[in-house]
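There are 2 protein chains.
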Amino acid sequence: MTPQSEDFSAWYNELVFKAELVDRGPAKGTMVIRPYGYRIWELLQADLDRRIKETGHQNAYFPLLIPQSYLQREAEHVEGFAPELAVVTHAGGKQLEEPLIIRPTSETVIGEFMAKWLSSHRDLPMLLNQWANVVRWELRPRMFLRTTEFLWQEGHTAHTDEADAMRETMLALDTLYARTAREVAAMPVIEGEKTAGERFAGAVRTFAIEAMMRDGRALQAGTSHYMGTNFARAFNIQYTGEDGRLSYAHTTSWGMSTRMIGGVIMTHGDDKGLVLPPRLAPYQVVIVPIGRGGQAAEVIAAAAALAQRLADTGIRAHVDDRPQLSPGFKFNDWELRGVPIRLELGPRDLAAGSAVMALRLGDAKESISLDGAPARLADELEAFQDFLLQRATAFRDSHTVTTDEWGGFAKAVATGWARALHCGTPECEEEIKAVTAATARCIPLDGEPESGPCVRCGRPSAYGKRVIFGRAY
Amino acid sequence: MTPQSEDFSAWYNELVFKAELVDRGPAKGTMVIRPYGYRIWELLQADLDRRIKETGHQNAYFPLLIPQSYLQREAEHVEGFAPELAVVTHAGGKQLEEPLIIRPTSETVIGEFMAKWLSSHRDLPMLLNQWANVVRWELRPRMFLRTTEFLWQEGHTAHTDEADAMRETMLALDTLYARTAREVAAMPVIEGEKTAGERFAGAVRTFAIEAMMRDGRALQAGTSHYMGTNFARAFNIQYTGEDGRLSYAHTTSWGMSTRMIGGVIMTHGDDKGLVLPPRLAPYQVVIVPIGRGGQAAEVIAAAAALAQRLADTGIRAHVDDRPQLSPGFKFNDWELRGVPIRLELGPRDLAAGSAVMALRLGDAKESISLDGAPARLADELEAFQDFLLQRATAFRDSHTVTTDEWGGFAKAVATGWARALHCGTPECEEEIKAVTAATARCIPLDGEPESGPCVRCGRPSAYGKRVIFGRAY
Chain P
1 MTPQSEDFSA WYNELVFKAE LVDRGPAKGT MVIRPYGYRI WELLQADLDR RIKETGHQNA
61 YFPLLIPQSY LQREAEHVEG FAPELAVVTH AGGKQLEEPL IIRPTSETVI GEFMAKWLSS
121 HRDLPMLLNQ WANVVRWELR PRMFLRTTEF LWQEGHTAHT DEADAMRETM LALDTLYART
181 AREVAAMPVI EGEKTAGERF AGAVRTFAIE AMMRDGRALQ AGTSHYMGTN FARAFNIQYT
241 GEDGRLSYAH TTSWGMSTRM IGGVIMTHGD DKGLVLPPRL APYQVVIVPI GRGGQAAEVI
301 AAAAALAQRL ADTGIRAHVD DRPQLSPGFK FNDWELRGVP IRLELGPRDL AAGSAVMALR
361 LGDAKESISL DGAPARLADE LEAFQDFLLQ RATAFRDSHT VTTDEWGGFA KAVATGWARA
421 LHCGTPECEE EIKAVTAATA RCIPLDGEPE SGPCVRCGRP SAYGKRVIFG RAY
Chain V
1 MTPQSEDFSA WYNELVFKAE LVDRGPAKGT MVIRPYGYRI WELLQADLDR RIKETGHQNA
61 YFPLLIPQSY LQREAEHVEG FAPELAVVTH AGGKQLEEPL IIRPTSETVI GEFMAKWLSS
121 HRDLPMLLNQ WANVVRWELR PRMFLRTTEF LWQEGHTAHT DEADAMRETM LALDTLYART
181 AREVAAMPVI EGEKTAGERF AGAVRTFAIE AMMRDGRALQ AGTSHYMGTN FARAFNIQYT
241 GEDGRLSYAH TTSWGMSTRM IGGVIMTHGD DKGLVLPPRL APYQVVIVPI GRGGQAAEVI
301 AAAAALAQRL ADTGIRAHVD DRPQLSPGFK FNDWELRGVP IRLELGPRDL AAGSAVMALR
361 LGDAKESISL DGAPARLADE LEAFQDFLLQ RATAFRDSHT VTTDEWGGFA KAVATGWARA
421 LHCGTPECEE EIKAVTAATA RCIPLDGEPE SGPCVRCGRP SAYGKRVIFG RAY
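Chains P and V, in that order, are what the protein sequence lines are. Per my numbering, residue 1 is the first one in the first sequence, and the count goes up by one each step. Per my numbering, residue 1 is the first one in the second sequence, and the count goes up by one each step.
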């Protein structure tokens with residue numbers, strides 16, 4: 001496999017196939033998510049879905065096919081998505097009277113039904129979510145990061161006023177996305193607002209979580225939008241207030257997708273392959289039985305018994321008993337697939353009541369007792385999860401430079417992020433992008449109040465705080 | 001609401017909207033699954049997914065869009081599905097060189113990748129499943145039962161030989177589908193094989209579970225197909241055996257869909273509304289606090305505390321504290337929505353440490369102690385689940401007639417099912433359908449050996465056992 005230091009993109013593109021996470025789909029830019037990759041998605045999904053439900057949202061399912069006219073009702077929205085649409089023109093053997101769009105996102109169709117279901121202020125807030133596939137035609141597809149079809153959840157909510165809708169927007173950003181990224185994916189994301197040029201088509205304000213990949217680039221890993229009354233006006237989402245007056249609802253939408261899997265790969269992976277955070281690892285512990293001839297059966301039986309004991313305490317364990325492969329091959333295979341802990345179990349270990357433990361990071365091997373294995377491995381997995389978050393945080397911080405001069409800025413965004421003051425004009429953002437390929441990733445929520453001259457053009461800074469710039473995926 | 005006895009179809013069509021299970025989607029024949037309906041699907045899905053995983057299958061995800069040429073590779077398959085296809089002709093602002101089909105089912109695209117991934121006999125069996133949406137253009141749509149887009153799981157497996165593939169076909173039918181239907185949906189399904197005319201397009205053998213609805217009609221609630229080597233030949237799904245020879249794999253596919261929700265409604269519902277089996281009920285217990293003025297807050301707090309105690313023991317409980325609605329309105333509302341148990345909690349009950357329990361079926365009310373409520377309600381829910389299965393079984397049996405004469409047959413299929421001997425010719429099946437609207441539902445797996453003259457034409461019977469005939473959804 002190409003080393004990360006030589007060509008990070010090549011490393012990524014080789015790894016996703018070698019680790020059997022994906023395959024290329026037949027239609028341009030589509031992907032097949034193979035079982036090992038899909039299990040990572042299921043684990044992420046289960047955790048995020050729990051958080052979505054705990055915060056009072058209800059899942060529903062809206063149609064895949066949206067009449068073209070729906071998209072046209074919100075002018076900015078259709079303008080933003082028009083180049084990426086897939087269009088059904090024929091169905092049931094006939095040409096359709098009105099073409100149908102495969103949803104690129106569902107604000108329009110959900111807006112239509114919110115309008116139908118909403119009547120009184122008592123129906124608010126209306127807190128909906130759906131798990132779905134969406135299609136956006138991609139000219140430069142990349143597995144997980146930008147694919148023509150991807151899986152995601154999209155939250156869509158309606159509220160009485162701006163304050164309540166903004167609370168929701170921030171809840172999705174922080175309580176749902178930032179926490180899932182940090183606690184489950186071990187990705188130390190920055191929460192911030194997008195500048196005008198990076199806003200969602202149709203939104204009043206867009207917020208995102210931004211993560212740093214091991215090549216210093218930024219990955220937008222989840223977005224949350226406050227729509228104001230833009231969609232409410234386009235779809236007539238109105239309610240009768242306590243005073244009997246009709247008002248437009250304020251809506252939000254927010255999404256997190258299979259792109260997160262790409263983020264996990266590029267946040268933690270190394271030249272040996274994937275490094276999976278235990279909470280997202282399909283197998284947290286793989287047991288490799290070692291023993292030939294007459295001893296093989298006994299060792300495999302002991303490995304299976306150990307795996308069952310681990311499973312009973314909630315650890316996802318797997319015995320690799322493939323007879324035709326050598327232990328060395330298996331070690332490399334599970335390293336490539338990013339399994340946090342490998343246990344080697346041979347006849348001598350078994351006789352001694354122990355197994356040899358090797359962590360995915362570091363070269364040390366240690367003999368651990370079989371009796372205490374469940375408790376010990378649970379501790380190791382928790383420590384491994386914590387370590388990944390700490391390591392990624394340290395990496396991000398050491399690749400983020402606070403700078404007020406252009407030379408330092410350009411140097412910083414070549415290998416990581418720059419925290420700089422910016423004038424806030426789209427032209428200046430464009431110019432920075434043209435020269436350095438870096439874009440304004442976000443205006444961090446937790447930035448200290450600060451102002452001064454723009455790092456590029458010297459005009460007075462906007463936003464009252466520093467902006468994070470970096471090259472992005 | 002129209003009574004079942006007056007017009008069963010009208011009853012169904014009114015109920016699915018009134019109970020807020022669905023709404024009509026904008027594109028012809030599509031549906032919106034609303035939160036209350038979607039929760040039923042999630043509960044069914046969680047149970048079936050667990051069974052699918054426990055039997056060694058792995059989830060994956062294959063693309064929505066399938067090149068037209070893939071479908072054409074299996075002649076019967078494309079012939080069967082051609083009239084129902086939705087076709088994407090334009091994407092990314094351009095006309096596509098080859099049109100893309102929105103998957104009506106995924107044998108073709110999954111076959112393509114099985115061929116790519118399969119090499120040795122050691123790779124078999126290959127046991128895949130996906131949860132996905134599919135699109136089949138419907139001319140006579142009906143919510144849940146026949147919609148242009150629906151949600152389902154589709155299992156796709158490859159095996160070394162017919163025996164192993166047939167074991168899988170029967171495992172899906174029995175261990176996955178029949179048990180889910182009986183144990184979760186309380187639907188007493190019959191497992192059987194389809195006659196040639198009812199086979200899946202491209203299958204060698206098709207099996208199904210058939211359920212009887214309360215109007216006596218049959219609902220096919222899940223199907224499992226043995227494909228022989230038809231798709232293996234079309235997609236070149238081959239493996240090298242232990243002897244080094246190349247052979248075609250034998251494949252299967254099987255699916256269960258959101259149609260099951262329609263089955264649940266029509267198996268258990270009555271003139272008051274839905275009757276949900278506890279295992280699929282979004283709320284198993286609804287608590288209606290009763291109390292005005294100063295007492296309201298105290299009663300609502302007690303109801304919330306009780307709901308929490310029930311939730312702690314795994315019971316899905318909900319407090320209906322909508323202030324603007326009367327208790328009577330709420331009782332009717334939750335009856336309509338099929339909640340198995342309602343608890344009424346007023347100031348006097350509270351003072352006595354009790355609540356009034358009313359089951360969704362029967363008129364009796366009973367005072368139960370709050371202390372013992374979790375254990376008591378768990379027992380009641382289990383009994384309710386069992387009762388629904390028993391009631392549906394009794395209904396089915398009393399509406400199934402074993403008959404050898406045409407008069408009795410025609411009478412039986414007007415209100416239920418007929419168990420009859422049949423010659424097995426498609427012409428005779430067609431004639432029976434033309435005269436009575438009944439079709440051969442299945443040849444039950446557990447039928448006793450029997451033969452004699454065909455109930456319609458008098459020719460010698462086929463199959464060696466009786467066939468179930470009925471009018472179907």
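Be aware that one or more of the hints could be misleading.
Chain copies aren't distinguished; within one or between two, either way the pair holds.
Okay, derived cross-link-like pairs now, DMTMM-like style, lysine to aspartate or glutamate, Cα gap no bigger than 20 Å in a straight line [as the list claims (entries may be wrong)]:
hint : residue 1 : residue 2
1    : 116       : 14
2    : 433       : 49
3    : 272       : 335
4    : 53        : 404
5    : 365       : 320
6    : 53        : 42
7    : 28        : 97
8    : 18        : 54
9    : 94        : 138
10   : 116       : 23
Since the hints were made in silico from the structure, they are not lab data. All figures in this text were calculated on a predicted structure; none of them were measured in a lab.
Now for the hints, and whether the structure bears them out:
| no. | hint | verdict |
| --- | --- | --- |
| 1 | 116 - 14 | between (48 Å within a copy, 17 Å between copies) |
| 2 | 433 - 49 | neither (36 Å within a copy, 47 Å between copies) |
| 3 | 272 - 335 | within (6 Å within a copy, 59 Å between copies) |
| 4 | 53 - 404 | neither (44 Å within a copy, 55 Å between copies) |
| 5 | 365 - 320 | within (19 Å within a copy, 57 Å between copies) |
| 6 | 53 - 42 | both (16 Å within a copy, 12 Å between copies) |
| 7 | 28 - 97 | between (27 Å within a copy, 11 Å between copies) |
| 8 | 18 - 54 | neither (37 Å within a copy, 27 Å between copies) |
| 9 | 94 - 138 | between (28 Å within a copy, 12 Å between copies) |
| 10 | 116 - 23 | between (41 Å within a copy, 10 Å between copies) |
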